[in-house]
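Position chain Y against the provided structure of chain H, taking the given hints into account.
There are 2 protein chains.
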Amino acid sequence: MKISCQKSELMNGINIVSKAVSSKSAMPNLQCILIETSLSEIKLIANDIEIGIETVIEGNIAEAGRIALDAKLFSDIIRKLPDSEVMIETNANYQANIRCERSKFNIPGTSGEDFNYLPEVEKNKYISLSQLTLKEVIRQTIFSISDQESAKIMTGELFEVTGNTLKVVSLDGHRISIRKVELKESFENMKVIVPGKTLNELSKIIKDDIDDEIRLYVTDKHILFEFDNTKVVSRLLEGEFYKIDQMLSNDYETKFTINKKEFLDCIDRASLFIKESDKKPIIMNIDNNNIYMKIDSSIGSMNEEIEIKKEGKDLKIGFNPKFLMDALRVIDDEDITIYMINAKSPCFIRNEDDSYIYLILPVSIAA
Amino acid sequence: MKISCQKSELMNGINIVSKAVSSKSAMPNLQCILIETSLSEIKLIANDIEIGIETVIEGNIAEAGRIALDAKLFSDIIRKLPDSEVMIETNANYQANIRCERSKFNIPGTSGEDFNYLPEVEKNKYISLSQLTLKEVIRQTIFSISDQESAKIMTGELFEVTGNTLKVVSLDGHRISIRKVELKESFENMKVIVPGKTLNELSKIIKDDIDDEIRLYVTDKHILFEFDNTKVVSRLLEGEFYKIDQMLSNDYETKFTINKKEFLDCIDRASLFIKESDKKPIIMNIDNNNIYMKIDSSIGSMNEEIEIKKEGKDLKIGFNPKFLMDALRVIDDEDITIYMINAKSPCFIRNEDDSYIYLILPVSIAA
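Sequence order for the protein chains is H and Y. Take the position in the first sequence, starting the count at 1, then add 74; the result is the number in the working numbering. Take the position in the second sequence, starting the count at 1, then add 74; the result is the number in the working numbering.
No lab work stands behind these hints, which were simulated from the structure alone. Treat the hints loosely; a few may be bogus.
In this list, chains with the same sequence are indistinguishable; a pair is considered to hold if it fits within one copy or across any two.
Restricting the straight-line Cα-Cα distance to at most 20 Å, the calculated cross-link-like pairs of lysine to any residue (SDA-like) are [to be verified]: (1) Lys81 - Asp342; (2) Lys418 - Asp246; (3) Lys368 - Val195; (4) Lys418 - Asp342; (5) Lys368 - Asn180; (6) Lys81 - Asp339; (7) Lys383 - Asp339; (8) Lys368 - Ile181; (9) Lys354 - Asn180; (10) Lys93 - Pro193; (11) Lys154 - Val195; (12) Lys418 - Gly133; (13) Lys98 - Ile373.
Just so it is clear, the structure is predicted and the values come from calculations on it, not from any experiment.
For reference, chain H alone in the conformation it holds in the complex (with noise of 0.2 Å):
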């Protein structure tokens, strides 16, 4: 194999499949990038056998080949790279040459023989939509899926398409999040649970921009995120995701609009006088006007009151701050409606529209 391609090009190229590099394994194939050249085109590839990767970059093919290096090394050489371009050759012994100006390196590679290449995804079934929509729907939900390995459904989200919606929605016992987002065309239905790690890792490497399109395609068990000139495919986690439709009640006897800022920053204060030893929730008691809050530990206590718009019934609820200030983070708007029954029913943090819900189990409270 005899290459050459700009530095910035191939640094592109290695941060993306580097989300699928396995940093622990007894398995060298999956500490490694595969560098694999056709006459056409120059693929990277990075398979950690949850995630698997590939992207094509840029360059100059003198003469195919192959040739799996270590992805840590690869990657700290380009990266110390003056910004020129990098020429990779490879030898019969599967030594790889890498030149830029004056600076040359020889690093041992692998043939790449029985490297795991990603599995073949049939295109059927998929939906297509915005990079910066899917980012925003992760980041919406992904604070609430379960790092359990016991609850293995609970560390993915649901992704359903119904028509033109798509719904996604993490759960972990204690809460639930659902975000739904309309599609600009109608797909056939699917529903599928995504592992949360491969949603994160995804995230990580699709863009900020509405313009940029992202197909999802899935088959029974795998799913394939499909953008620019990338590839990530995934293992779907089998089994039936919870029922939540139930839960998701409409009822309520107390509701309240309040600044969400105001309301963030003041449970962020209560926060400091929770000790991981001694579990306090944070007590709300709201009235006609105003949400009073109240913490009282062993290493101090807090109140403070924030004005509130009310309907229905006064109320004395307890939380813990953590699952409010999660919810509370990736709401972007201005003023948010809080739904509640009684001291021992979920309450619902939900828009008009219900484009996103968080279910939050209150804490018991001494009466």
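Here is chain Y on its own, set in the frame of chain H:
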């Protein structure tokens, strides 16, 4: 005690004195900030015995008094407050009541009776220079102090004043860094060893401004840094500093001038091939117009050449790349000049007027 001040002013003061708060200590006072209020000023004080800091903040005093508060909790609370006026009031039980807009906090404090105040430093001998200059001098020498407590003197820096020259020296057994600066006037001679930790913390709180002065007062045991509304007092290290003058030969057999950035970047790339377990030196071959750099380890190999302007003999010499990089990173000159004698003698990076001298020992290489 009953005071009020702007959040930003209080936060700024807390950030300054926090540099002298002990992160882990069995003595609660070392983890506290003392607020001491006379009729005329509000003072914040922290002291971890090695280093003590006090700073005066602006505010209104309704009632003089004193309280010691846990530094972390106090700092966290103030940081999370809105940008508004903060009121602090203490009661007879040393509970502190902190208010800001509609937030109210109660946290426990102590009387501060047994607080370690800053030692009194006699103001006989002093020097004065700009905060920026002191900050630069620290940055350009602090990297070569030793972290080995067994050689206590090496964990500090020599500050030596002769007439109107301040010389700052650090060394760790492999290298020596020397910076000389000309002061605006002549001062009484002094020669003290300041703990590296003090200098590190100090350089975080002094300004990047050539117009802001700082004064250094020294006694046999202490150094006092006085600037803006702040005093930093530190113990000095006791003992004789190493005699370095006999090591600073002006003789050389090889002298060359090189572009600093090219040289640094090249060594940085070479350092990728060094493993903790297998410390290979970087080998340089210096001939008339070029320096050829080479490293060859179990990870791979690199070689590169850089144009130089040379006088004197050709030379082959090996270095620990870290020591070269540390010095090159803090030199601001575009081109630097390096002086060498032979493969076993130290090399010198120095400028024409010796305002900086970096001595680095080579590593022996197979002939």
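Do the hints match the structure? See the list:
1. Proximity of Lys81 and Asp342 under a CA criterion of 20 Å is satisfied inter-copy only: 17 Å between copies versus 44 Å inside one chain copy.
2. For the identical chains of this complex, Lys418 and Asp246 are intra-copy neighbours only, at 18 Å inside a copy versus 64 Å across copies, given an alpha-carbon limit of 20 Å.
3. When the C-alpha separation of Lys368 and Val195 is checked against a cutoff of 20 Å, the pair qualifies neither within a copy, at 53 Å, nor between copies, at 46 Å.
4. Taking CA atoms no more than 20 Å apart as the test, Lys418 paired with Asp342 passes in neither setting, with 23 Å inside one copy and 60 Å between copies.
5. In the homo-oligomer, the alpha carbons of Lys368 and Asn180 lie at most 20 Å apart only across protomers (11 Å), although the nearest pairing inside one protomer, at 64 Å, exceeds that limit.
6. In this assembly of identical chains, Lys81 and Asp339 lie within 20 Å of each other by CA distance solely across copies; the values are 15 Å between and 44 Å within a copy.
7. Proximity of Lys383 and Asp339 under a CA criterion of 20 Å is satisfied intra-copy only: 18 Å inside one chain copy versus 60 Å between copies.
8. Taking the shortest Cα distances, Lys368 and Ile181 sit within 20 Å of each other only across copies (14 Å), while inside one copy they are farther apart (61 Å).
9. Within a single copy, Lys354 and Asn180 get their C-alpha atoms only as close as 58 Å, which misses the 20 Å cut-off; across copies the closest is 16 Å, which meets it.
10. In this assembly of identical chains, the alpha carbons of Lys93 and Pro193 lie at most 20 Å apart only when taken from the same copy (17 Å versus 54 Å across copies).
11. For the homomeric pair Lys154 and Val195, neither the shortest alpha-carbon distance inside one copy (36 Å) nor that between copies (49 Å) is at most 20 Å.
12. In this assembly of identical chains, the alpha carbons of Lys418 and Gly133 never lie at most 20 Å apart, being 62 Å within a copy and 46 Å across copies at closest.
13. Taking the shortest Cα distances, Lys98 and Ile373 sit within 20 Å of each other only across copies (18 Å), while inside one copy they are farther apart (40 Å).
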